[in-house]
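Visitor: Listed below, chain by chain, are the residues.
4 protein chains.
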Amino acid sequence: MVKIGIAGASGYAGNELIRLLLTHPEAQITYLGSESCAGRHIGSAFPGLLGHKLPDCAIFDAASIIENCDVLFLARSGYFSSLLEILDNGVKIISVPGDFRFKDTSIYEKWYGKQHPSPEVAARAVYGATELHRDEVAAADLIANPGCYAVASILAVAPLVAKDLVKSGSIIIDAKSGVSGAGRTKTEQAYLFSELDQNVRAYRVANHQHTPEIEQELSRLSGRKEMLSFTPHLIPMTRGILTTCYGELANQMQTEDVLEIYREFYADAPFVIVLPKGEYPATKNTLGSNFCHIGLEADPRTGRIIVMSAIDNLGKGAAGQAIQNMNVMFGMEETVGLMIPPVYP
Amino acid sequence: MVKIGIAGASGYAGNELIRLLLTHPEAQITYLGSESCAGRHIGSAFPGLLGHKLPDCAIFDAASIIENCDVLFLARSGYFSSLLEILDNGVKIISVPGDFRFKDTSIYEKWYGKQHPSPEVAARAVYGATELHRDEVAAADLIANPGCYAVASILAVAPLVAKDLVKSGSIIIDAKSGVSGAGRTKTEQAYLFSELDQNVRAYRVANHQHTPEIEQELSRLSGRKEMLSFTPHLIPMTRGILTTCYGELANQMQTEDVLEIYREFYADAPFVIVLPKGEYPATKNTLGSNFCHIGLEADPRTGRIIVMSAIDNLGKGAAGQAIQNMNVMFGMEETVGLMIPPVYP
Amino acid sequence: MVKIGIAGASGYAGNELIRLLLTHPEAQITYLGSESCAGRHIGSAFPGLLGHKLPDCAIFDAASIIENCDVLFLARSGYFSSLLEILDNGVKIISVPGDFRFKDTSIYEKWYGKQHPSPEVAARAVYGATELHRDEVAAADLIANPGCYAVASILAVAPLVAKDLVKSGSIIIDAKSGVSGAGRTKTEQAYLFSELDQNVRAYRVANHQHTPEIEQELSRLSGRKEMLSFTPHLIPMTRGILTTCYGELANQMQTEDVLEIYREFYADAPFVIVLPKGEYPATKNTLGSNFCHIGLEADPRTGRIIVMSAIDNLGKGAAGQAIQNMNVMFGMEETVGLMIPPVYP
Amino acid sequence: MVKIGIAGASGYAGNELIRLLLTHPEAQITYLGSESCAGRHIGSAFPGLLGHKLPDCAIFDAASIIENCDVLFLARSGYFSSLLEILDNGVKIISVPGDFRFKDTSIYEKWYGKQHPSPEVAARAVYGATELHRDEVAAADLIANPGCYAVASILAVAPLVAKDLVKSGSIIIDAKSGVSGAGRTKTEQAYLFSELDQNVRAYRVANHQHTPEIEQELSRLSGRKEMLSFTPHLIPMTRGILTTCYGELANQMQTEDVLEIYREFYADAPFVIVLPKGEYPATKNTLGSNFCHIGLEADPRTGRIIVMSAIDNLGKGAAGQAIQNMNVMFGMEETVGLMIPPVYP
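Protein chains in written order, with my numbering: chain A, 4 to 348; chain B, 4 to 348; chain C, 4 to 348; chain D, 4 to 348.
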């Protein structure tokens, strides 16, 4: 049994980690960090967790984590001054927020608009796109879990770039997201039900901080600097991300041929489902799961390829992906505790 | 391992049974019945099940069920002529639709408006409100799983009636439901997204077929004929039922005293959570789970007690409840495979 | 042309007043009060109002209102020290929040849990349930517009009480509301999209401040002190209130007979639609309008009557009702500018 | 007063036409065609229209239309054999479905996959994008109202093409739509609430029939054959379309410079609102209205321009646009009866 600590337990990602780890056969939650719930059962923040045996929440305490945990999930940003100590005492860390995703912290500073809180820790992190970096993840003690938009985008277009199917610089990613990605503490007018219901809008156009993550990964795959356009949208639902990705085909191809390349590329990826020709992903088919569905269409008329991917932003886009990384880091089957079908309808 | 057959696999209840049984450690799905998907993986109806190893769907065939299954979940109505044969060959049956919930089939005929399809089978059934009839369920080979509204209502008011807290005849149950209860094949105008979104309405007022189920159970508890008003409403969400139940207190009581009676009544019921004073159930805290949340308020001003319960209509209201019954029927821990927290948010 | 001032223009009720008054043929908006938008077009708060000619917003200023307006809509609470001055200078006031709805301000203090801000002003107010008090409204210079839940409830049960159809004390009102009633500035966690979507819960059980409003009106109708139970619920939609009202029939009656009494009672009420037998109100059929739909069912089995009403909480429940009162106060046709069908779907 | 006939009154577009025309000061509805409601008030299909004086519905009858109407709105496809007769008798026609949008009916046949029902009528039609063809509309007796996606897309990118701001062939349009566009009679599983709620998916990728409409209009603007990619998506809301349009800038430009070009281009278009720099359109700001909101961002990093537009698919995308065309055809102010703010929230 892997002993699990979760910091940021009272946020949405924290709750999703708890939900998934409670049914994980090789995991035992031994520490829950939450300032707002300190001293109480996490059910006081998430009544859905009432009825489950869990340690009471505690404030963040490195010594306690070192004593009680094999791995710490950071479900929120912060605690930077304690992380090296935790790592050096043999506790692995899986970081869900965006802090450690860039080797080159100047990219962080440009897109996040602030100084990097801890370049030393960032230097030690492996980017946790498990499907692309399984061996590195297995050897890592610190994982930077990908952004929700980033993992959906990277899985959608990785084969295009890795197999040189599209012209460099031609990729455009248009993403539609449920609003839970904004988190539980962002109690701004913009996130009120009345404002978001029956509504859709883009935000951070040409300026979203997951853009350079996607570019970093695609550049590793192609060996050259990749640049793309990324536009996120909020749509009136809670969970799920759909990406619609456009690229100019380097050479004319048939839909079925591209699908075959995708199937091969993801042959060893149990959580990536390449849909049959003519079927397109729908986010609800992944809700609550760690799966990513991919569908595509080559358009001979315009010479473009259109690839779509669907994930649950809190599943494959956060907690599920993090647990998948944990499984690999601890030498377990990648799928342990994660072969959970979506909640449908 | 219990070998599981599911008839009606391509409906919502069928899908939910598959979802829950895929992670049940003591269950193995060996038969999936679906006319519309016969010969194909159930993923053709529910793409979210792609990636999971499951037997291909087949048309209903009693011989095959008898050969391959220890228990058959009937997730749809029908197949009446085969059920006795199946039972007599040692395959237990758990029936999810309303066919076998009344000992007195004249009640069925009155409220369903048609002749009972199989009184002989109905006579053999045990009403599967596990919390109230655990021993009978354990001894049964045929379970009539309660209706979704019924189980939410019965759990909400059972202690009131069993402990004689309210005046006979004074109970009113106002229920609000997500629309998945209508099922996947009812493709009528009334169930279109555009018609239900931003909308709420009552239906079958004073006339809903779950009413006599609730009355039958309450009458068993009190030993006298109980009658109540029940009004179902469709609200713009997919899953979840909230009941708001009103009764006239026989004697003035404090909220905390009634709560204490509820806590005792449900002390051995792992899936019933009695909320602390001042907290009320919200359906989302049960979504995707087998839990029922209950909260209440005694109102000294009017002399009424108001009890609210929340469930997932496809969980505790259908598939989860059915599996809970299976666990008890096969001598397993009641909670095996069902201690799954809700999907939140 | 009636010259209109609106204080609280940047709230939801303010926006709805602007929307309706922009197409009102006898109204001209001459003053918009909003602290947060002062000096700017209201389109900075509600971009949907861009493209419409409107006075820039200003901070609250009694002198300016007196100079420019024939009537002031108070779309928010406050400004108590200026109201008598405004009234005494001949500007009528229609107050949308709950400040002036009780003659007996001790009721306000009990249910709102604070001292009344201005009993002197309250004493001057007429309760603006136009259908019940048309003559008083016509003569008033200060209207206390009814609460959204209150108007839906009062219209639903007024004939029952006025015509002595139900036993005194037997009324229970179970209301389901969209969440826009919470307003735009209540940026609390509970009102986030992610928390409310796919969710329903009761709140302020046996304790909601619209209860005594309904009781006050019903008591006027029956001539005795009426008491009832009222339970509000939030459901996942933005606009709309459905009430489901239960009462014990004093004498057995047929549905059609009760309907006929309702039709007569509301014969002169152009905004109250009594639906045919067997049809029940749906909130979406009133969305964006000033209409109230009513349907009902007498249940011979239990001796109860079940009446349902639907309104738009921002229409008949706030801005529409307020304008209806204005029409009557200024001697216009009650329906001027308000015969607007709902937005459907 | 213009005497109005509407064929297809019991569909969503028909209902929206009625809603808008009931408050139009220069219009009088004299004929409502609906097979399903023949002989009855349209309130039997749309209870929200109860309380409004309207002619009873009738089956389609050219003679009656010729006798009673100045203009016929075709809110549904069909009646082809009668249209020339109606036109030749001086009744103008505004056709909302896709039948008459292509001069070259071979384009219709390619994208709609069937023979054109009436090329002779199509030849007579003017494409009703009022902002682009005001003079032609004024002179027309038959208008082909644009498709909902088409009008949102055309207004978004017209200035880019007309002013040669982007490279030919570089435009990609990613559209997100509420589901009311599917209509009320398409009672298929895919349009059930339970299937669409919490869900987003693309459909008809590289294959949607509004694509050639957009291309036809852009080609007229640029004088060369324009080709683009268009991808529609269904998102969980009822009304509204957001387009996100991408193009490669022919020359590097600043956001403010492009905005200025847009403002000039639409200087005489009262229903097109060009938003300030940094603000992006949200569909809810147009719900129920005839407005189109446009926002944009030039991205110096990638050399792309991203333009977004929002409309109500039943407003500017159908009924509102149709009435705008009627206003122009009958020599009225373009805005008469249409300066209606959106319903918000």
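Keep in mind that the hints were calculated from the coordinates and are not lab data.
Just so we're clear, the structure is a prediction, and the values are computed from it rather than from any experiment.
Some hints here could point you the wrong way.
[What the hints assert, rightly or not] List time: in silico DSSO-like cross-link candidates among lysine-lysine, alpha-carbon distance up to 27 Å:
(1) Lys228(B) to Lys117(B)
(2) Lys228(C) to Lys228(B)
(3) Lys170(B) to Lys280(A)
(4) Lys170(B) to Lys228(C)
Visitor: Against this structure, judge whether each hint is valid.
Guide: Going through the hints against the structure:
no.	hint	verdict
1	Lys228(B) to Lys117(B)	holds, 24 Å
2	Lys228(C) to Lys228(B)	violated, 34 Å
3	Lys170(B) to Lys280(A)	violated, 63 Å
4	Lys170(B) to Lys228(C)	holds, 23 Å
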